[in-house]
Structure formats: C-alpha cells, structure tokens
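Make one complex out of these two single chains by using the hints.
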Amino acid sequence: MKELRDIYVQQFKTSFASMLQYRAALVIWLIGHILEPLISLVVWSAVSRSSGGSVGGFSAADFAAYFLVLMLVNHATYTWVMFTYEYQVRQGTLSSVLLRPLHPIHSDIADNVSSKLITLPGVLFVAAILMVVFRPAFHFVPWAMAAFLPALFLAFIVRFLVEWTLALAAFWTTRVSAVNQVYFVAALFLSGQIAPLSLLPFPVRLASAILPFRWTVAFPVELFLGRLTPVQALTGMAAQSAWLILSLVLLRFVWRAGVKVYSAVGA
Amino acid sequence: MESSPAIRIRNLSKTFVVTKREAGLRAALRSLVHRRREEIRAVDGISFDLAPGEVVGFLGPNGAGKTTTLKMLSGLLHPTSGELAVLGYLPWKREKAFLRQITLVMGQRNQLVWDIPAADSFELNRAIYRIPAADYRRTVDELADLLELKPLLGKPVRNLSLGERMKCEIAVSLLHRPQVVFLDEPTIGLDVTMQRRIRSFLAEYNRRNGATILLTSHYMADVEALCRRVIVIHRGRLLYDGQLSALVRSFSAHKTIVVQLGDCQADLRAYGEVVSCEDGRATLRVAKAETARVTERLLADLPVIDLTVEDPPLEEVIERVFAQEPK
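Those protein sequences? They're chains A and B, same order as listed. Per our numbering, the first sequence runs over residues 394 to 660. Per our numbering, the second sequence runs over residues 130 to 456.
Hint data in this document are derived by calculation from the structure and do not stem from the laboratory. Using N, Cα and C, we set each Cβ at its ideal position, and we do this for glycine too. Among the clues, some could well be false.
[Stated by the list, open to error] DSBU-like mimics (lysine-lysine), calculated; alpha carbons at most 35 Å apart, straight line:
| no. | chain 1 | residue 1 | chain 2 | residue 2 |
| --- | --- | --- | --- | --- |
| 1 | A | Lys-406 | A | Lys-653 |
| 2 | B | Lys-149 | A | Lys-509 |
| 3 | A | Lys-395 | B | Lys-279 |
| 4 | A | Lys-395 | B | Lys-149 |
| 5 | B | Lys-149 | B | Lys-222 |
| 6 | A | Lys-509 | A | Lys-653 |
| 7 | B | Lys-225 | B | Lys-279 |
| 8 | B | Lys-222 | A | Lys-653 |
[Stated by the list, open to error] Listing some non-contacts, in silico: residues in chain B with all C-beta distances to chain A over 10 Å:
| no. | residue |
| --- | --- |
| 9 | Phe-145 |
| 10 | Leu-154 |
| 11 | His-163 |
| 12 | Phe-177 |
| 13 | His-207 |
| 14 | Leu-253 |
| 15 | Glu-314 |
| 16 | Val-404 |
The following block holds chain B by itself, in its conformation from the complex (with noise of 0.2 Å):
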C-alpha cells in the first residue's frame, strides 16, 4: 500500500462569474452598456483524499459541482483557489504524463470518430497515448471480452446503439490502462442489463489494474454495487464523507417490515405506518428504534407467513441527506 493519496483535494474552489440580465426588451437594451455580473460558487470549499485503488462515489443533487469537481480534477478547469494533487500532478497544467494516467468519461464526452468503426478510434489512441503493440492487444481483447464488445467494434459509430456506444466510449476511455479514472453518470440512459453489465465490469477494471475511480450517479444501483465509501456534495460544500453503511444507519430514521399475512384483512396500523397491502403482502414503515418491539408483536399477534425487514431504498436516505443544509 502507498501512503501518499492518488488524489488530494484541501479547500478546492471554483467560482464562475456569469452576466446576469433580466428579461424583457429594456434590460436587454441597458445590458448593452452596463452588465451586470454576479459570482456562482460552484465548489466551495470542498477537502478530502482518495487512497490508490479506491472506489468512492461522488454524489449530490443536480448543480451541487460534481462536473465541476471532476473537470478540476482531470485538469479542463482551473481552480479558483484552494489545493488539488492527482497523482502528485497539478491537473490543470495538463502535463502529458498526467494525462497518460488519467480519463475521463463523460456522457457528452465523445472520443470515438463518429463516421468509422470503433476499432479505428481505438487505433488512433493506441498512436496518441503510444501504448506498445503488445500490452495494446491485450488490453483490446481483455476489454472486448469484458464488455462483450467483438461484434461492435466493426461497425461504423453512429450504427451502433446508445448502450453499445456506452460500453465503446469506456473502452477508448480505458485503453491506456489510466490508475485514476473519473466516471461521470456512466451508466445514463442505459437499460438494467446494460448497467449492471458496466457495473461489474467497472469493479473488475479496478481489482485487476488497482486503479482509482471517483464516480458521479444518479443510479443507487452503481453506487450500492461499486463503492464502500460515498462523498456527498450540495451547492459546491461537503456533505458527507465516508462509509455508504454509515451514511444508511445514520439518515434512515425508519426501517421497512415486509409481513407476507393470509389475508389483508388485518388492521395494521397499531403496528406502524402501512405503505400498502396487496394479497396479503404488507409494508410497513417503523421507527427504527421500535423495529424489534413492532416485530416481535407482529409474530405473537398474527398468522404470519413470511417477515423481513430492510432498510429504506438507498434513493430514499441520499434525499434525506441532500435536505440537509450545508455546514
């Protein structure tokens, strides 16, 4: 294990300055002479480090400044202030090392030619990040098995489907082997399959190359299958850092008890709050704190069949964390 993070970030900010006008023919005509400009703190503030080889998710509600973090990090944006290392390298000098190591994959983001196979783009970055013949091949075939990529990448780009360009555009992402790689929503858009596909694929990439991956998504899927620990930003501050389970056990006030009764004839609500009851399948919504009690009672008072009890959906906590006010 090294000791020095791959990545390091300490009081990272970034401020745009916007014209500001207001609608209307008047405005327009007085925003000729004078503007008006107004200061958007996308990231304010934000410290925090990622350990070589691990898999942290990067999450927030829409304009919270996961982009904007993810374009300093990778070296697009220039920081307004604040300290930020990616492998010891200052990303915004985009020196050729560094951008050897890294990639980043966005949805917008597109490196595959549009109008020729996807073999030829991937040609094109074995020239440009000059990956020897050898580790090229190997890297092609690993990839193309991984992502059951073989009958793609012989067909022009724009032939291809949204989730077959997906899993072509992570493929050029990753030929060079980067030991840092920043995943914006990588698996927007896609079908379930497709997801997981990427999912998994994603965790193997990081056990064989031991690569770090910081990951935005909208998806709690990727989030609950990839990573241990989830950073959580809102309106550019820091949130939350640290491990998902924690996160769970500490926004969850409630758990949910599934009873699988005979019948719904049943009155529950002595029990706790009924989500709903369909053939005898019931749901109910408990006070942590009473979850054992609330059981215990339902097994002693009902011809129960089956019982289970689950935290609240991952959507539903991360919502509860969002609706908290930045520190």
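Isolated chain A, as found in the complex (with noise of 0.2 Å):
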C-alpha cells in the first residue's frame, strides 16, 4: 500500500510537470469543454422563455443551473483513455507499459486526475461567470447534498472503468476512432448532456438507465440540484455499486483477452 502510495507521488509529479508544458493546448481544451454546456444553456433557456417560462417543469434559471452543475460533473468524470490507447497500440509504445511491473490503469487514473486537478480553477472560473449571466436557481437538500460527493465519486470511478474497457478496443482493431464517435454520440443524448433525460422520450431514458450513462453524469447532477426522492438516490447509487462490479469484472476479462491478442500478433 505504502508502495502504491509512491508510485502515485511520483506518477502526480510526473503528470503535472508534463501537463503544465502543454498551456496552450490546456486553454484550448478548457474553451471547448465549457462551450458544450454553454451551447446547450442558451437554447433551452431561450427555449423555456419563448414557451411561457417553463419546459417540462424547468424553469430558464433551472436550465442554468442544470448546466452548470452539468459542466462540473462533466469536468469531474470525463476521461481521454480513449484516445490514449488507440495511439499507444498503434505506436508500439504500450509495450513499455507492458513490461513495467505494474498494471497499467493506476498511470492513466494518475494522469486523469491531475488534468481534471489543473484545469479545476479554470472550469470554477468560467462556472462563477455563468453564475452572474445566467442567475440559475438552486434548490438545496441537504441530504442530497451529502449525498451528492460519494455518488460523484462512484460516477467517476465507473465511467473510468468503462471508458478504460473500451479503450482496449485497441487491441482488436486499428478502427478506435469509430467505436469512440458511436459511444460519444451515444452519451451526449444518454447521459443527459444535450438535455435533462426528464425531457427526453421514453425509449432514451430507458436506454440511458439500463446503460451506465445516466449513472456516469445526469445521476450525481439530479441529486445535487434536488430533483431526486430519497428512494430514487438509493436506487441510482444502487445502480451505480451494481456498475462498478460489472465493469471491475469486465475489465479484467477483457484486458487479458486484449493483451493475449497483442502477445499473439506482435506487439
């Protein structure tokens, strides 16, 4: 334990040194990050005021304030492994990695965590302005609100295990790009980025629940602005425990595949 403790000292170290060489692209990667939500803001809200204040039970200042704990959830639970994994087959490079005596997830967890660490106070920044334009109305629960830093919590967690499993995509085929685009899309409308999943038919919501999409970021977003019942947050907790499990098992079934299939055709 005391051992993997240093090995995430140093993995820190090394991850926020390499970052902060990239500025730039870290601006340029915030910029983008926040004018997802911002997009969707401003028509929903123009939206709820051109049809007498209200769609669906949210209110302008509820779409904003929607967003803007969107955007920090968001922030908190996206991951890049993705991208990562398809250049590192492609490249060779994971063989370095393969041969470090030390899985590789905890460089990758290590490396997440420092980015999102880093661009922290850019996101709260541009998360105080929205505050100002936007005026968004809170309604606060405090059991909710207790509630709210663990279901954060497992809503990372999971996403990151099932971002990871895909990422070993990889392995299989020189085609990730692809498989990224259909899951991407597929999130923007499951995980409630382009809308509250409340206002979204059906068959959506349905899909988003059975997937873990709406548990990776419209859950832990509900439950903070107040939306959910008591019962509601268990569930979805519930659900998210049931996620971890799944994808710790599916993870590990399918990076032994994926390195039996690197080993067998030529790393």
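See below:
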C-alpha cells in the first residue's frame, strides 16, 4: 500500500509537470469543454422563455442550474483514455507499459486526476461567470448534498472503468476512432448532456438507465439539484454500485483477452 | 557459478498470421469478402542456453527473427510452440517478480517521458520498481558517472540529442539492476565516440552486476568488443552458435596482407588478389592456406618496410555466414 502511494505521488508529479508544458493546449481544451454545456444552456433558456417560462418543469433559471452543475460533474468524470490507447497500440509504446511491474491503469488514473486538478480553477472561474450571467436557481436539499459527493465519486470510477475497457478495443481494431465516435454520440444524448433526461422520450430514458450513461453524469447532477426522492437516490447509488462491479469484471476479462491478442499478433 | 542457465530455449517458434492481398481495386474488393491468410514463421525452432553472466551477440540480417525472439524472451510475445524460461520464469506470464529482474532496451521503446527532465522519469521508475532509496541513489550516481549523465538529467528529454537520449534510456532501463538485459540495437544511429562509450559501459555493467546480456547489433565493433560468443539466426533458424573466434576461423577462407613498400611499381598480382595500392601501401587478399608461403615470398622478393597479416573485417565474415542456407 505504501509502495502504491509512492507510485501515485511520483506519477502525479510527472503528469503535472508534463501537462503544465502544454498550457495553450489546456486552455483550448478548456474552452471546448465549456462551450458544449454553454450552447445547450443558451438554447434551452431561449426555448423555456418562448414557451411561457417553463419546459417540462424547467424554468430558464432551472436550466441554468442544470447545465452549470452538468459542466462541473462532466469535468469531474470525463476521461480521454479512449484516445491514448489507440495511439499507444498503433505506435507500439504499449510494449513499454506492459514490461513494467505495474498494471497500466494506475498511471492512467493519475494522469486523468492531475489534468482535472490543473484545469479545475479554470472551470470554477467560468462557473462563477455563468452564475452571474445566467442567474441559476438552486434548491438545496441537505441530505442530497451529503449524498452528492459519494455519488460523484462512484460516477467517476464507473465512467473511468467503462471507458478504459472500451479503450481496449484498440487491441482488436485499428479503427478505434469509429468506436469512440459511436460512444460519444450515444453519451451526448443518454447522459443528459444535450437536455435533462426527463425531457427526453421514454425509450431514450430507458436506454440511459440500463446503460451506464445516466449513472455516470445525469444522476449526480439531478441529485445535487434536489430533483430526486430519497428512494430514487438510493436506487441510483445501487445502480452505480452494480455498474462498478460489472465494469471491474469486464475490465479484467477484456484486458486479459486483449493482451493475449496483442502478444499473439505482434507487440 | 550457478548450474542452471539464465535463459533456456528449446525448439522455440513464433508464427504470425497475416492477411495477404494483391495490389489493385479488384483485389481490394475481393478482400472485403475473402481474405487470404498466410502464415509467417518468424522464429522456426531455435534452441540455446545462456549461462548467468554471459554476454552474447545475437546476429542475423533484417527480418531474421531477432527482435521477435527478444520480445518472446522479455514476455511481450507469446510463443507459438517450444519451451522457454528466463531466470526460471515463463516470460509471457509477465509476473511482477520476473519483470523486476529483466529489461528490454529497444530503439523505439521510450521509457522517458518526453516533456520532463530525465531525472523525473528516473524517480517514477524508482517507485514502480520499488527500488530502496539508498540503492537508488547509489545506482543513479554510478550510472551518471559511467555514462556522463550529470549535465543531461535536468533537461527536458525533448531537448536532448539522439545520443544523449539513448544514454538516458539505457540508464533508466537499468535503474533496477536487472539480472537479464536484452538490448536491441543499442548503438544504432550514434556516432563512433558514443558507440564506444555505450560499449564500455555495457561491459562494465556486466562485470559489476554479473548480469546476463543478449544483444543484437548491426555494428560488428559492438559484437567484437563485448561478445565472446555469438548466435546467428537467419529466416528464423539457427545458423551458428559458438565462439566468435571460431566463427571467424571457419568462415574466412582469406586473410588480408598489408605490405608497406617504397612505391607501387612492383607487380604484386603474382602474390595474390590486389585490393588496393596507394603510396606504396598494398593490400592483398590471399587464401588462408597460402598466407605463410606468400608472406615468405614477399619478404624475400621485395624491399618490404612493414608487413601485417589480418583477418578480414567481421562484417565480411558475417555476410558469408548469412549467405549460407539454414539447414
């Protein structure tokens, strides 16, 4: 355990130092990251105002609150491992990783967490500006606030494990970008990034509840906004836990199978 | 001396299945439905042992199967058939205890993080390999000293020259003092001075740590300086395994005689094949059995200032070995 902590400390240092070398890239990435919820926010606020101040129970101020929290939750849970694996397999740099006496997922976790910490001040700054401009309405519910952090943590872990497992598609195909594209479009709709899930038709809501999408993004957002009953909150965390176990099992299985393929056809 | 070998290979084979396709649109369309698969035997039934502490040159033309063998030995590739053990481990299982005792240095294998100083990558490897702090400091000092790394460690890796980066790559690969070292072209693309430094460093590493080293190189100077024993493979099969000196003896039918004369007036063709003659310095190629007789005649017939008899360059010998068909 002490050794693993040492590895993480060193990995954080390297990740931090590497990422700080690319300040311009970080700023550009940050702009993209903010633009997406901002567009939805502007569109839905306009729709809400033009249809008499409310759409499906969301006023303009509710939409503002929703997309603001969505931006923060998305920042806390998103990953980019799907891009790195495609690159690593194609460039052959994965061989280095495989020869280390350490599971490669650790350095990916450290990398992702460092990038979040580095860009967090930027995201918070933008959030503060949006608060002033869009005047969101928050209805704080104390128990929901307390449940939010564990739910957010679970959301991050599940999303990380699922996307890490999907990234391993790189072992079987050199066209991982196509897989990524399908995943991202699905995530856009099913995780509540285009619109709150309650505004979407039933089949979409059903799909998002069966798949991990709702539990990795929309659920913590709704919890924070006080839009869930205690039963819904507990059900959600149970779903998150189920996905946690399932994704861990899947990850182990797919990783083993993938490495087998990799070491059979040429590392 | 331990009796069990550090590396043991028996009948090792690796077959790759590749899809084949002819050029052209018709073939492209056909390949959508039906793909022709072809098996390529990259390594085809090779066997050898390496004793602990041995430094062995692993030679063969491009595509002979050297890198495939090194990848099987280090655990990156799963063998198709045959037996293989490194320090008693099955490499492809990549157990942590095994990985902590080996290293693979390849040209395209980068352990150093590109954007940060090498010293930071060293620290990361210290943590990953769980190297005790005192050992780590001693090893870094030693490596920095032997490879003259001190001025390099603080610079971002991307600002280093190719040779400087290679030295740091070798150092970071050896921080955990592996007992078995696989090197794939460690001196490729480096200038002569740097090649020599890396060579003497590897010899020193072997001497100090008693490590087993298997290295491939296209520079015969590397092999001559480091390896008493060489293993030659071609098209995946073993061509030769034995002393380098014996290889040179059995595969060089010629010797080179260099004579220093006053000028190039004399007709030397009667003595052997004249390779060159410049400023009275003539190079002759003669059959090995004839060497003594020709030397005698040269000294008796001509005003010889100096005379040396040399083996042909190792490159030439190896070329002759490669020209043999695998048995």
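Here is what the structure says about each hint:
{"no.": "1", "hint": "A:Lys-406 x A:Lys-653", "result": "32 Å, holds"}
{"no.": "2", "hint": "B:Lys-149 x A:Lys-509", "result": "45 Å, violated"}
{"no.": "3", "hint": "A:Lys-395 x B:Lys-279", "result": "30 Å, holds"}
{"no.": "4", "hint": "A:Lys-395 x B:Lys-149", "result": "51 Å, violated"}
{"no.": "5", "hint": "B:Lys-149 x B:Lys-222", "result": "31 Å, holds"}
{"no.": "6", "hint": "A:Lys-509 x A:Lys-653", "result": "32 Å, holds"}
{"no.": "7", "hint": "B:Lys-225 x B:Lys-279", "result": "31 Å, holds"}
{"no.": "8", "hint": "B:Lys-222 x A:Lys-653", "result": "10 Å, holds"}
{"no.": "9", "hint": "Phe-145", "result": "6 Å, violated"}
{"no.": "10", "hint": "Leu-154", "result": "21 Å, holds"}
{"no.": "11", "hint": "His-163", "result": "19 Å, holds"}
{"no.": "12", "hint": "Phe-177", "result": "22 Å, holds"}
{"no.": "13", "hint": "His-207", "result": "4 Å, violated"}
{"no.": "14", "hint": "Leu-253", "result": "5 Å, violated"}
{"no.": "15", "hint": "Glu-314", "result": "15 Å, holds"}
{"no.": "16", "hint": "Val-404", "result": "43 Å, holds"}
Checked against the numbered hints above, the structure violates hints 2, 4, 9, 13 and 14; every other hint is satisfied.
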